[in-house]
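S.K.: These are the residues of each chain, in order.
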Amino acid sequence: MMPATSTATTLSPAELSYLHTSLTQTPPLRPDLRSSTEFRPLRAETDLLPTCNGSAHVSLTDGSEALVGIKAEVHRTAGANVTKRLDEEMREKMSLDEPSSTISAAAAAAGLDSNRKPRGHPDWISLNVDISTLRDDDALLIFLSEMLREPLLTTSTTTTTTTTTTTATRSSSLADMLVINSNWHWHLHIDILLLSPFTASGTSYPLPLLSLATHLALRSARLPKLKSQGEEDPLVDDDWESSLFLFPPPPTSARKPESSASGKAGPNEQHSIPPREAGRLLTMPPITLLVMTVNSNIIFDPSHSELAVADAVLAVSVSFSSDTTTHHHHHHHAQTPTLLAVRTIETPARDTMRGVPAAGEVVEGDLVPGVWRPRVGGVKREVLKRVVRAVLGASADDSGVAREVFDGLEAFLRS
Amino acid sequence: MKSLKRNFKSDSQSNTISSKTFVRSTKSGKLQKVVSEIYLRSDIPCSSKLCPLCPSIAPADANGNVPKPILSSRPAGTKAFPAGHYLVPDTNAFMNGMDLFEDPGAFYDVIVLQTVLEELKNRSLPLYNRTLALTRSEEKRFYVFFNEFRLETYIRRNEGESINDRNDRAVVRAAKWYSEHLPRRKCPAVVVLTDDQANLQKAKAGGVTAYSLRDYVSCLENVDRLLDMISEARQGQEDRPQPGELIYPEYYSNSKILTGLKAGVLHQGIFHVSPYNYLEGTVQVAAFDRPLIIIGRESSNRAISGDSVVIEVLPKEQWKAPSSKIIEEETLNQNDNPEVEETEAVITEKERRALQEEVKKAHGAPTEARSQPTARVVGVMKRNWRQYVGTVDPGSTGSFASQGRKQQTVFLVPMDKRIPKIRIRTRQADELVGKRVVATIDSWDRDTRYPVGHYVRSLGDLETKGAETEALLLEYDVQYRPFPKTVLDCLPVEGHGWRVPASSSDPGWIGRKDLRGLLVCSIDPPGCQDIDDALHARPLPNGNYEVGVHIADVSHFVKPNNAMDEEATARGTTVYLVDKRIDMLPMLLGTDLCSLKPHIERYAFSTMWEITPDADIVSASFTKSVILSRDAFSYEQAQMRIDDRNASDDLTQSMRTLLSLSQKLREKRMEAGALNLSSPEVRIETDSETSDALTDVKTKASLATNSLVEEFMLLANTTVAKKIQSSFPQTALLRRHAAPPASNFADLNDQLKRMKGFELDVSSSKALADSLDKCVDLANPFLNTLIRIMATRCMTSAEYFCSGSHAEPEYRHYGLASEIYTHFTSPIRRYADLLVHRQLAYAIGYSGQGSEYVDEGLRNKSKLEGVCKNLNFRHRNAQMAGRASIEFYVGQALKARGETTPDSGINVEGYVIRVFENGAVVFVPRFGVEGLVRLDDFELKGAGEGRRESEFEIENYRLKVWEKGREDKAASVELFQKLNVRVSSEEKSGAREKGKRRVRIVVLAS
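Just so you know, the sequences run in chain order L and G.
Be aware that the first sequence starts at 1, since it is given in the UniProt record's numbering, and climbs by one per residue.
Be aware that the second sequence starts at 1, since it is given in the UniProt record's numbering, and climbs by one per residue.
Below, computed lysine-lysine pairings styled on DSBU-like, alpha-carbon distance capped at 35 Å:
no. : chain 1 : residue 1 : chain 2 : residue 2
1   : G       : LYS121    : L       : LYS227
2   : G       : LYS2      : L       : LYS225
3   : L       : LYS225    : G       : LYS121
4   : L       : LYS71     : G       : LYS33
5   : G       : LYS30     : L       : LYS227
6   : G       : LYS316    : L       : LYS227
7   : G       : LYS20     : L       : LYS71
8   : G       : LYS33     : G       : LYS861
9   : G       : LYS30     : L       : LYS71
10  : G       : LYS360    : L       : LYS227
11  : L       : LYS225    : G       : LYS33
12  : G       : LYS27     : L       : LYS227
13  : G       : LYS382    : L       : LYS225
14  : G       : LYS597    : G       : LYS668
15  : L       : LYS225    : G       : LYS5
16  : L       : LYS227    : G       : LYS33
17  : G       : LYS27     : L       : LYS225
18  : G       : LYS325    : G       : LYS969
19  : L       : LYS227    : G       : LYS20
20  : L       : LYS71     : G       : LYS5
21  : L       : LYS227    : G       : LYS382
22  : G       : LYS960    : G       : LYS978
23  : G       : LYS513    : G       : LYS559
24  : L       : LYS225    : G       : LYS30
25  : G       : LYS262    : G       : LYS27
26  : G       : LYS202    : G       : LYS49
27  : L       : LYS71     : G       : LYS2
28  : G       : LYS262    : L       : LYS225
29  : G       : LYS202    : L       : LYS225
30  : G       : LYS202    : L       : LYS227
31  : G       : LYS262    : L       : LYS227
32  : G       : LYS27     : L       : LYS71
33  : G       : LYS861    : G       : LYS559
34  : G       : LYS863    : G       : LYS140
35  : G       : LYS774    : G       : LYS668
36  : L       : LYS71     : G       : LYS382
37  : G       : LYS20     : L       : LYS225
38  : G       : LYS262    : L       : LYS71
39  : G       : LYS766    : G       : LYS978
Honestly, the hints are just simulated from the structure, not real lab data.
Can you build the whole structure from these sequences, using the hints too?
M.R.: Laid out in C-alpha cells, this is it:
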C-alpha cells in the first residue's frame, strides 16, 4: 500500500458525495465528460536535451509537466574476472565448432541457455525523482521512485505456443539489455523532474505522468555504437548519428517514412533494424497507468477531483513486447502488453470529512444515500480482474487501454 | 506546454547558430556526448588580394592588426587555366600528395579549408603538421579558410548522411562560394583537387571545376617528377586487381589491442631491427627486463624499425636463441627467405597469462639457456616512417628501361640496412640509377612483400661529397638549411662590430661584474672557433684558491621565444661532421660575439669557487660578468706551457694551479665511483695539406689538460645544477644517467668470464669501475679500452629531463657518480645549456639587460618536457651523424689511397668484438671504425676461390674458417682476439648499393 496522494482535498462532503454518485452511474458520468477509459490530452516532445542520451518532456492538461533525462555511462562490471571470461569465450567458440556439442543448436538459438548469457544487475539503473516542493527524503518521493524503478527491473514470463512446442520465454529486462560483455555494461542514470508545482489541490497524482515521460525518454535513448566486439573493452564510434536506439523502434511504426515504405516490399523484406536476438522478445519500456474504482466502475486516468472519491486506486504496470520469430510475416507487429504488477495506492477518500446527514436521518453505521462517508479502500477480486482485462485487452478486437496508450505515445516519437 | 526543445529550423537566430554532436571517449574510459554550438559569422575574410570587400570587414586580432590577404592577385596559370587559379584540395588530396604541395615548383595559392584541416588532423597528425607548416610559410601562399564558421559556407549535415559525404559537400560549397564571392571580371579559376571519384562527380554536379591530382599535375611542367611524388597508398585502390596472396597476417582490431594491453597479455614497445640480421628485431617492453625477440618477416608483420608496435608473446615451443648469423638483405635471394614456420595454435587466455610468467623466468635465467622468448607483432600503434635516403636497385629497373618514359616499379634500397626495400613507381628510372634518392613509404598492405612508397627528390650522384653529406644529414634528421631571414633579423644590428660597451654606466653593465682584471684563458681543441668556456685561478690571502669558470653569455644575445630561439630549440645542438659544422646559432654569434676569443672583452656567465688546496669546495657564487681572455690555447699548447720550466708568469702559474686542483677533483670523483668509459673516438684534422688523407685520422690523444678542462666543466655543471634545482624544484633542466639494469651486462659478462676469466660487478657504478680496472691483460694493453667501449654500449644513454618528472633519487648521473648534473658550459653549441643559463640568471636574481624578457617556458613543465624530448633526440642524432661522417671520411681516404696505389690496403690492428656463425665484427681502433668480416674476407694460406666453410663454437665464441676440403689450413678467430687486418675501400657488388664503396676489412693470415 502506497501513501495517499498526500494532503486532504478541499472538496466538501456534499461535493464529494455528488462526485461519487456521478461516477457510480453506468456509464460513469465524469466531471470532464470523458468516457471511463479516456485519457486527458497529453503533450510530449522527445530528444530535447542535447547532451543526454535520451530525454522527454510531457505535460497534462491540468498543468502538470515532467522532464526526464537519461545518461548512459560505460562501467566495469563488478567482480568480473577477465581471464576467466576470456577463457570461457574461447572455449565457447571451440565447442560450437564441435559437432558433439551437448547444447542443441536449436536451444542455443532460442537463447534458453541462460547461464551463459550474462544477465544484468538492478544496480545498473539509477533513478532519481525530484519534485521541487518536496524534501529529498519525503516519503512520497521515495515511494514514487520505487514505483517507477520496480517495473523497469522486473521481467515477465510469457508462454508462446507454436504448433510443435510450448516454450516459456523470459523476456529480457532493461538491465539485461545493458550488458556489453562479461566485463562491461552500460549504466543508466534516469533523472526525473516534475516541473510543475506540486500542490495538494489542483494537481493529480504524478505517477502516471512521470511513468509516461520515463517511457518516452527511454524510447528516445540512444547508445553510442560499439566498435569493439565480444570480450574486448568497449570502444565506440564517435559519430553520434551512428548511435543505436536502446529500444529499437518497432518496424511497423518506423519513424521514417521511407522505412515504412520498404515494409511493403514483401514478406522477405527484413525491416531496417536487425532483429536483436532471434527468439527473444523485443521489449519496450514499461508504463504504469493509474486506475481507480468506484463501486464496480473502472475509471482510467482519474483527475484530481475524481481521485478524491475513489474506492480504490490502482497502479497497473505493463510492459510491451513483440515476438520477432512468430510475427515476421505480419505487416503489423503487434505490441503485446504484459502485466508486470498491480499496486494499490491509498485512496485520498480515506482522509475526507464525513458528511453529516440531515436531522432525523441518522442511522449510525449505515450508508445514507447522498451523504458522504470516507472510503476505507479495498477492491473486490472480480473488479481487479476486470481492471486487468481492460488494461490488457480481452480479445483480438479489444486491444486494451495499454495498447491505446502505447500507440498514442508512439505518435510523439514519430513527430 | 511551451516546448523546451531548441528548434533550429524555426528559431529566428537559427541561421547563425548551429551545433555539432559527437561522442568523446576520455582517457579514463568514460564516454561523453558532446554538443558544441557553432556561431556562424559573415566576417571571415576570403584573404584574396583580388577581393575589394573582405579587407574592410575582416576582424582585427587582439593587437588590432587586420591580417593581410594571402592569396595572390595574379595567381599562376597553367595550360588549363591561363587566367590563373586558386586550389581547394580536399583531405585525400593532401593525404596522397603532401610532397607535391611542398614542392617549390608548383602548388601556390592554396585554400586550405577548415573542414579539410580537421579531417586531416584526425587521420594523420604528421601530415597535419606539415600542412600547418605550409600555411606558415609566406612564399607558398597557403590560406586556412574557416569555412565551418562562415555563414555562407557552413552546411548542416543531412539526416542519414555520413560525415564524409557531408565534408565533401562542404568542400564543394566553399569552392563555389569562392568563385561567386570574388569579383567576376578578374576572377581566377577555383579548382577543387580530389582523388575521390565520387567527390569529383559531386563537385562537377555542383558546378565547380574539379580535378584529380594526377590530371591536374599532368598539365604542369615537370610532369614526370611531380607524378612520381604522388603517394601510391590510396590512389591505386580502385584499379588494383584482386588482392593477391596475403603474405602477412592481419593486425588485431583496435579494441582487441587495447583490451589485451590492459589485461597485460599484449605489450607495446618500439621495434628495433638488428643491424646484423635484418630479419631479426627486438622490442623492449615495460613488463620485462630484457627485450623480446622477433624473428622473421611474418612475425615482424610489416613493422619497420622505429615503429611503435603491439606484440604478443609466442608459445614456448617457438622460442629461439637469437640468431648468431649475419643475414643481410643484399646477400639473400628472395626465394630462400628464412621465414619462420608458424603453426597457429589455439592458446587459451590462461595459458597466455602463464606465458608472461615464463618470459620473466627465462629473462631471469642465466644466458646459458639460449632459447629466448620470442614474440610477434599484432598491431602498430604509431608508424615512425620518415623520408629515407637510398639508391635505386638497377637490377629492378628491368628491360623496359630503354623504353624511356614508361612508368615502372623499381626498388629503392635504403642506406639504413634495417629498413626494407621500398617499391616505388617512377617514370624516371633511367635518371635515378646511380643517384642518391629520397623517398617515403606510403603503405604496406598484407599482399605486398615490400612496402610501397614514392619518390620525393634526388640528391645527386652517389659518392659525391655533396650528395653523401646531404644524405647523411637527412638520415639523421639534421636541420641543415641556412638560417632564414627571420632568424638573422634577431642578431645585433652592429654585426661583427659589436663591442662590450665602454662606459660602465651603459645598461649592458647592470648586474654584471667587471672581471676584466682576472687572468682568464681558454683551452680547447686546436682550431676551435666557438669558444664556450674560459678559466682562471688565483691564490687567496687565506691560502685557498679562487677558481672561475667563465661561459659565453649566449642568453644575452638569444632572447626567449623569438625566431632565433625557436630555431635553436628545433636544432637543439650543433652537429660536427668531419668537414662541416651545422651550427645551432648563426655564425656571427657562435664564432664571434659569444665566442670567448682572446684579447677582446666579452660578456660571460661566471661560476666562481673558493677551493682549498686539497680541492674541497668552500663556497660557490654565480654572476654575469665581463671578461678579457688573455690567451686561447690548444690542449697541446697548454700542456707545453705548463711543462715549460722556464715559464713562471702568472698565467702559467694559474694554469698549474688549475691542473693540480683538477687532478685532485678527479681523484675524488673516481673515489665516488665515476666510470672511466671509452668510446671509439678519432679526430680528423682536415686542415693539413698532406697527400695522404689517412694521416689526418688521429685517435684522440688524452692530455692532462684535457681532463683539466673537463674536471672544471663537470664541477661547474654540478654546482649550477644544484642552484637551479633549488630555484626551480619542478622545472629545472637537468641531465641524468640511469643505472643500467644488470641484465644489460649479462652477455658481456658471460663473454668475459669464458674468454678471459674476468668478471664485471655491476652492483654499483663504483663496483663496475673497480672491476673494469681489473680487466687488464698485460699481453694486450688495448683490451681494457676495448672492454670499456663494449661496456659503454651496454649502458643506457644519459638524457635531459625536467626535474619534476623524476623523483630526486632518480636525478643521479650514473657514469659521473654525481647526485645531480646538468649542462651549463657549452651554450653556443647546445640548447640545453642556453636554457640552463636562463634558469640560472633567474635563480641569482639577475636584473640587468635582457632580464625584462621573462621566459614563461622556464616554469612550464609540459613545455620543458617537450623540449627535453627533442634535445635528447637531436643529441643522439648529432652523435650518430658525426660517427657516420667519420666513417664516410675514412672510406673516402681509403678510396683516394686505393686510386693512387691500387690493391694496397692499409695493414692495421683489429679486435674481434662479436662472432657470428658466418663472420665476425672487427673493430679497428686506428680509424675508430668497425666492420663485418665475412668468411670470404679471411685470408687463408694457399687458399683458392673455393667455397668457404666454417664451424662456430658458440660456447667459446670461436669461429673456424677453411676452404672446402682443406680443413687442415683453417684459420680461427675468437672474441677479443687481436688480429692483423687489411683495411681497404672497394666497390660494392651487391644490388643494395651499386656504385657505393664500402670499407672492406680482411683478416690477414698470421
